[in-house]
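Number of protein chains: 2
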Amino acid sequence: MTEPALRPRLPRLTTARAPLTRAALVFAQDGSQRPIQLAAERALTLYVDNQELVTLMTLGQEPELLALGYLLNQALVQGAEEVESITVDWDVAAAAVRTVHGVSGLAERLARRTVTTGCGQGTVFGDWLQRVPPLPAAGTAPGSVEHSALVHLLEAMRAHPSVHREAGSVHGTALWRGGRMLVHVEDVGRHNAVDTVAGWMAMEHVDGADCWLYTTGRLTSEMVLKAAHLRVPVVVSRNGATAMGQELAERLELTLIGRASGQRYLCYSGAARLRPAAD
Amino acid sequence: MTEPALRPRLPRLTTARAPLTRAALVFAQDGSQRPIQLAAERALTLYVDNQELVTLMTLGQEPELLALGYLLNQALVQGAEEVESITVDWDVAAAAVRTVHGVSGLAERLARRTVTTGCGQGTVFGDWLQRVPPLPAAGTAPGSVEHSALVHLLEAMRAHPSVHREAGSVHGTALWRGGRMLVHVEDVGRHNAVDTVAGWMAMEHVDGADCWLYTTGRLTSEMVLKAAHLRVPVVVSRNGATAMGQELAERLELTLIGRASGQRYLCYSGAARLRPAAD
Chain H
102 MTEPALRPRL PRLTTARAPL TRAALVFAQD GSQRPIQLAA ERALTLYVDN QELVTLMTLG
162 QEPELLALGY LLNQALVQGA EEVESITVDW DVAAAAVRTV HGVSGLAERL ARRTVTTGCG
222 QGTVFGDWLQ RVPPLPAAGT APGSVEHSAL VHLLEAMRAH PSVHREAGSV HGTALWRGGR
282 MLVHVEDVGR HNAVDTVAGW MAMEHVDGAD CWLYTTGRLT SEMVLKAAHL RVPVVVSRNG
342 ATAMGQELAE RLELTLIGRA SGQRYLCYSG AARLRPAAD
Chain C
102 MTEPALRPRL PRLTTARAPL TRAALVFAQD GSQRPIQLAA ERALTLYVDN QELVTLMTLG
162 QEPELLALGY LLNQALVQGA EEVESITVDW DVAAAAVRTV HGVSGLAERL ARRTVTTGCG
222 QGTVFGDWLQ RVPPLPAAGT APGSVEHSAL VHLLEAMRAH PSVHREAGSV HGTALWRGGR
282 MLVHVEDVGR HNAVDTVAGW MAMEHVDGAD CWLYTTGRLT SEMVLKAAHL RVPVVVSRNG
342 ATAMGQELAE RLELTLIGRA SGQRYLCYSG AARLRPAAD
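From first to last, the protein sequence lines stand for chains H and C.
In this note's numbering, each residue carries its 1-based index in the first sequence increased by 101.
In this note's numbering, each residue carries its 1-based index in the second sequence increased by 101.
A couple of the hints might just be wrong.
Derived contacts from chain H toward chain C, CB cut-off under 8 Å, selection only [to be verified]:
1. Gly132
2. Leu139
3. Glu142
4. His248
5. Ser270
6. Thr321
7. Ala342
8. Gln364
9. Tyr366
10. Cys368
Footprint (simulated), chain C over chain H, 3 or more residues, beta carbon under 8 Å [unchecked claim]:
11. 193 to 205
12. 344 to 356
Hints in this document: simulated from the structure, not taken from any laboratory.
Beta carbons are placed, not taken as given, at the ideal position from N, Cα and C, and that holds for glycine.
In isolation and in its complexed conformation, chain H is listed as follows (with noise of 0.2 Å):
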């Protein structure tokens, strides 16, 4: 009699939940008073093993995947089954994280600290780049990226329903594959947003090397080291990027699309993945 094959153990998470707008009256140029919806942002205090790690401002989406994804991307857990549960309480506006075996070095990785360009998350900036190997070479798929799908992420994401539609002053990320969005998350900031995709895919076992990645937000140096960690090797971005992020997308063999938009982009590096549109 053979086992069968067990997948690692999840840890167990809380649904906490928290409305992620509030209407408010403001005034306009006029001096009349308008109705509008505001985007929540509020505080959420990771404590790892009852030790305070840090305070994140958030929309409040999905606070458990949010601090399980901060943990892997700041490569204080390797695994989500390094994690027993995750607990929120939005009343004392907390995340408490028990490990199966102790984060070792909590301590040590916290007294140093990168605070970067992004929306929040400071990070270990040196210690990423050593981490994060290159993607497999852009060349060995050609033209896997085709122009009719890009345009067709593109309007999906314009036409998916959200916060940022309502109520603006959000960004947003949504991991893709085949042709289909398999989650989105918004956040104030723009780093917790993918913190909170990486928690997705650890949790539901996603792999993200066959996957696309798409944020709202600038490409920056962060945003690409997030995603090569995820093994994600396309990012889309309706902004643009800069010097660093495109330095780090060569050399990480990412395909960086940025000012996407309608029918339009640029390719910042990677571009073999890409197959053009056709005349």
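With chain H held as given, fit chain C onto it using these hints.
Positioned in the frame of chain H, the structure of chain C alone reads:
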């Protein structure tokens, strides 16, 4: 014989400069190559009295003022006169800060951090809330923000030469007083831009009380707290506010104006200072 009133001694600053943009060749959707400019993004590690504090990812426009403003906004120093010198060397990506009397409790302060919504800048959020007192009530200077002056500011900022116009992917912040722009800073991190303005204000002995702060970034909790910390009562953004941004602005008696473009804007708080457009 009376001594002339002496201004506090100011720190000695280097004037390290580095290119803010870099040319790149990218591909458009039709496969054609296209030359563009990319905004620089570089690491700047702050050392305070030889102790490593933090690494900021920055455009690098005024790194000495960024370092000074960061220390001020993090309340690591209470005024520019506490800083002896700031030496930036881009070859080693470092800003060496020498203080006059040392920074007390630096290690403890480093132990607890908040990673905020914004682009960078971990701050001890709870401490900030306690530290930043409300501004003079908005009602004390009714109608001091004229519609025509706001429209003038928006038009001037739109026309102002900028890295953003050339290369995108940066946020801009400007300080205005009496219908005139005093300083304009851009950065890949919007909070870096505000911190650099803070450094400039300290070096120029500029009081925020009769100033307006313009930003292209979203009006999140941290942006509101930073403006209040600078005692600037009016903040104008092309972008919108989060719920917490509005709440804090109300509590701190700050006039928060967002989604500002052309002749239009919304006032999220402190509307008593506004003189609306005439019919």
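Hints and how they fare:
no. : hint       : result
1   : Gly132     : holds, 3 Å
2   : Leu139     : holds, 4 Å
3   : Glu142     : holds, 4 Å
4   : His248     : holds, 6 Å
5   : Ser270     : holds, 4 Å
6   : Thr321     : holds, 6 Å
7   : Ala342     : holds, 6 Å
8   : Gln364     : holds, 7 Å
9   : Tyr366     : holds, 5 Å
10  : Cys368     : holds, 4 Å
11  : 193 to 205 : violated (count 0)
12  : 344 to 356 : holds (count 4)
Hint compliance for this structure: hint 11 is the single one not met.
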